[in-house]
Amino acid sequence: MNGTADIIATTADWHRAGRRVALATVVRTWGSSPLPIGSQMVVDDAGTFAGSVSGGCVEGAVIAAAREILCDGQPRLLSFGVSDERAWEVGLSCGGQIAIFVEPVT
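Numbering (our numbering), first residue to last: 1 to 106.
What the hints contain is simulated information worked out from the structure, not anything from laboratory work. In this text the structure is predicted, and so the values were computed from the model without any measurement. Glycine included, C-beta positions come from ideal geometry on N, C-alpha and C. One thing to keep in mind: the hints can contain errors.
[What the hints assert, rightly or not] DEER-style ranges, computed between Cβ atoms:
#, residue 1, residue 2, range
1, Leu77, Gly56, 19 to 25 angstroms
2, Pro75, Ala9, 20 to 26 angstroms
3, Pro36, Cys71, 26 to 32 angstroms
4, Thr106, Thr4, 17 to 23 angstroms
5, Gly31, Thr106, 32 to 38 angstroms
6, Ala64, Val27, 14 to 20 angstroms
Assemble the whole structure, with the sequences as input and the hints as a guide.
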């Protein structure tokens, strides 16, 4: 994957193939964050993904949330950071904070 164009193309390909997909986008960062605003990841209902929103730090949590979103159809704004107890669980211990908007693709 080499950026937003690749993620959008993959999202469109998976959607056309009948896969249920969600798109995750970094919408805000504070401090030392792994990837910049605009970084994206696409996730299907089986948990297959392409792209990255954190260089591996919070991908597992984002994939789990995306799969829930594909079940209930409700987009979510996810937040991770060192002030959040979950930050250590999901691997964002670098001192940064990150907000990721996850939405179903319809």
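Range agreement (Cβ of Thr4 with Cβ of Thr106, hint 17 to 23 angstroms): Holds: the Cβ-Cβ distance is about 20 angstroms, inside 17 to 23 angstroms.
Between Ala64 and Val27, is the Cβ distance one that fits in 14 to 20 angstroms? At roughly 19 angstroms between Cβ atoms, Val27 and Ala64 fall inside 14 to 20 angstroms, so the hint holds.
Verdict for Pro36, Cys71 (Cβ pair) under range 26 to 32 angstroms: holds, 30 angstroms
Kindly confirm whether 19 to 25 angstroms is satisfied by the beta carbon distance between Leu77 and Gly56. At 21 angstroms between Cβs, range holds.
Can the suggested window of 20 to 26 angstroms be confirmed for the beta-carbon pair Pro75 and Ala9? holds, 21 angstroms
Given the hint of 32 to 38 angstroms, check if Gly31 and Thr106 actually sit that far apart at their C-beta atoms. At roughly 34 angstroms between Cβ atoms, Thr106 and Gly31 fall inside 32 to 38 angstroms, so the hint holds.
Checked against the numbered hints above, the structure violates none of them.
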